[in-house]
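**Q** In order, the protein sequences belong to chains W and S.
Taking our numbering, the leading residue of the first sequence gets 20, the next gets one more, and so forth.
Taking our numbering, the leading residue of the second sequence gets 24, the next gets one more, and so forth.
Calculated directly from the structure, the hints in this document are not laboratory data.
Any given hint could turn out to be false.
[Unchecked claim] Covered stretches of chain W, as calculated for chain S (at least 3 residues, CB under 8 angstroms):
1) 71-83
2) 147-154
3) 167-181
4) 192-204
Predicted model, so just to flag it, every value in this text is computed and none were measured.
C-beta atoms are modelled at their ideal positions from N, C-alpha and C, and glycine is treated no differently.
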Amino acid sequence: MRSALSKAEIESDIASRFGDAFRIHEKAAPETLSTGIAEVDTLTGGIPRGAITEIFGPRSSGRTSLLYSLLAYATAHDEICALVDTNDVFAPTAAAAAGIDLDRLLWVRCAANLEQAFKATDLLLHAGGFGLVILDIGDVAGKDARRIISSWWYRFRRTVENRPTAIVVISEEACTRSCAALTLELHGTGEWSRNLLNFNSINVNRCRPFAPVLHESQFRAQAIS
Amino acid sequence: MFACIYSEKLEPDLSLAEFAYAFSPLVEETKPGTVVIDVDGCELLFGSAYQLAQEVARRAKQSRDSGGLDTSVSVAIAANPDAAIHAATRLDGITFVSPGEELSCLGEFPIPHLDYSLVNLEEEVAAEIFETLRLWGIHTFADFAALPVPGIAERLGQPGVRLQQLASGKTERHLKLKQPAPVFANSLELEHPLVELEPLSFIFARLLHQLCAALNSYALATNELQVQLQLEDQTVHERRLSLPYPMRDHKVFLKLLLLDTEMHPPAAAVKTVSIACEPVKPRVLQNGLFVPLAPAPDKLELTLARLAKLVGEENIGSPALLDTHRPDAFRMKRFVLPSKRSERQAAIGNQQHLGLRMFRPPLRAVVETEQGVPAQISAWGKQRSVYGKVVRLAGPWRTTGDWWREDRWARDEWDIGVTSSNKTSSEPPALYRIYRKLNSEMWFVAGNYD
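Given the sequences, and given the hints that come with them, work out the whole structure.
**A** Here it is in structure tokens:
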């Protein structure tokens with residue numbers, strides 16, 4: 020008690036000289052970018068700017084559907100977006116049908132070279148001014164994804180900190196470790212109607228790194244006719 | 024004092040202005056075939072004004088003999104440019120009009136020879152005044168100059184007063200100096216051929232700095248740099264750097280040029296470096312308060328150049344769809360920041376489009392069919408593989424096109440759900456788009472619905 024009092028006394032004595040340096044400031048909530056999907060926005064509050072968001076899941080889990088929605092929303096709101104496509108899997112025809120303004124999208128194809136993909140992402144982040152930078156390593160084998168050194172993620176996180184750029188990483192397994200501010204795990208189930216693939220029902224689990232599932236939601240992606 | 028050099032040639036005579044620069048840097052090209060120079064301060068070089076006029080005539084004759092000027096010239100010297108012009112255009116040879124005695128030289132010139140364009144009068148106005156003067160019986164410059172100024176102002180207005188001053192040889196004005204055509208090109212011949220990029224970068228930096236300084240002095244920018252390297256093997260290495268936006272930052276140009284030279288190195292040592300640019304007006308941009316931030320144009324160009332060096336020029340840009348039904352038809356176009364706001368509307372909804380991840384190139388597959396429909400699939404590639412039992416399927420959809428071309432396509436497409444034997448039964452099947460080529464009966468996996 021005595022020590023606490025003396026600490027308070029000391030702080031009050033020097034407060035005039037150091038202003039409010041001893042007060043703990045609440046970190047302001049980051050600005051977010053809508054995903055264009057009401058359910059996901061409700062679950063996550065949107066994709067945080069100035070931070071890494073990881074979207075992972077197995078094939079056909081809905082990662083690309085979510086990505087299309089995010090890009091369509093961002094480009095329609097005049098954001099300049101960049102997609103680093105490690106395995107050259109982006110489908111412009113399907114993307115245009117999903118409403119993405121392709122003129123606002125810088126597409127970097129890396130011919131399955133993971134190192135090139137990370138260097139390209141780094142260059143884009145350092146250029147600044149992009150609203151959304153997407154690193155798609157969704158087709159990189161799990162063993163290779165696990166070998167990505169953490170320093171890349173820390174570097175990306177530091178680069179975009181306090182900037183309006185959101186980084187989204189698409190992967191098959193969680194690999195950004197503790198660097199991601201938001202992690203979404205997806206699972207999809209195709210819905211068929213006679214001879215037509217109608218929808219992909221997608222379950223979204225919002226996770227924190229190294230923490231159990233916090234919330235769950237669902238949205239559906241319609242097959243493009 | 025002003026000297027007017029007049030050539031009867033009606034065509035725009037560029038060589039006359041260049042000829043005049045030999046006597047004074049202050050040259051006005053009044054009209055094709057007529058130039059006026061300010062000769063004040065030329066006494067030390069050419070002596071008196073009359074001696075200068077003689078020198079002009081002598082050099083003009085010399086130049087004509089050697090094929091420089093192709094017509095004879097007349098020279099007139101007067102205290103004001105307009106009097107010199109009138110004297111030179113009406114009188115052959117050398118004319119010296121003493122200050123204050125202009126009318127003794129110009130007085131007998133007929134009124135229609137008054138050059139109204141020198142006082143910025145339109146032809147209709149001047150013709151009306153000339154007609155009025157004719158009706159008054161005024162036929163020469165001297166007659167016109169003798170009229171009282173208040174009366175002229177009252178009857179003919181300010182145009183009449185200006186014309187009277189012109190006829191009197193008493194106008195006062197500054198020369199509209201002709202600026203020498205700016206040259207936005209620099210060249211440097213090297214003492215020793217350069218093999219490495221680093222020493223060449225210093226040469227680039229020097230030339231670009233001069234080029235940007237020239238652009239800056241004219242408030243211009245450039246959107247194209249032309250680089251020409253004369254090589255030791257007597258060949259020429261040419262590169263053109265096109266920029267989407269006009270710029271004049273020599274540091275950015277240097278980095279772009281170095282990146283380009285690294286990507287496209289010259290075949291031999293460099294002997295001469297020449298850099299030229301196309302001058303254009305700089306970009307003026309008003310950003311909106313509510314428009315999201317976009318990359319700075321110069322930074323973006325540098326980033327694109329670095330990315331092009333990293334992944335190859337053909338692998339970077341914006342996708343542009345082609346006007347065809349061919350599956351996965353697109354081309355890469357250069358990425359340029361859009362100048363207009365997006366016209367698309369995006370609403371937050373709960374119904375989204377199903378994403379597709381293309382396999383490039385398509386994965387060759389072995390498909391077992393039962394009663395004509397896929398039942399089992401096995402496809403192995405370097406980066407990915409697809410194998411398992413087809414548990415759900417939809418199709419086929421037949422598409423054909425470009426039958427008149429070598430690369431025509433004709434195929435049956437299926438959407439399939441595949442469950443691997445390794446997966447547990449609770450795991451949902453992965454969704455793929457597969458197709459069978461009709462001409463070769465071969466199966467491929469086009470992509471993965473995701």
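**Q** Can you take a look at whether the segment 147-154 of chain W is actually covered by chain S? Rule is 3+ residues, C-beta closer than 8 angstroms.
**A** Coverage by chain S holds here, the residue count being 4 at a Cβ distance below 8 angstroms.
**Q** Mind taking a look at whether chain S covers the segment 192-204 of chain W? Criterion is 3 or more residues with CB to CB distance under 8 angstroms.
**A** violated (count 0)
**Q** When I compare C-beta atoms, does the segment 71-83 of chain W have three or more residues closer than 8 angstroms to chain S?
**A** Satisfied; 7 residues make the cut.
**Q** Take the segment 167-181 of chain W, compare each residue's beta carbon with every beta carbon of chain S, and decide whether three or more fall closer than 8 angstroms.
**A** With 0 residues closer than 8 angstroms to chain S, the segment 167-181 of chain W misses the three-residue bar; violated.
The structure is inconsistent with the numbered hints 3, 4, although it conforms to all the rest.
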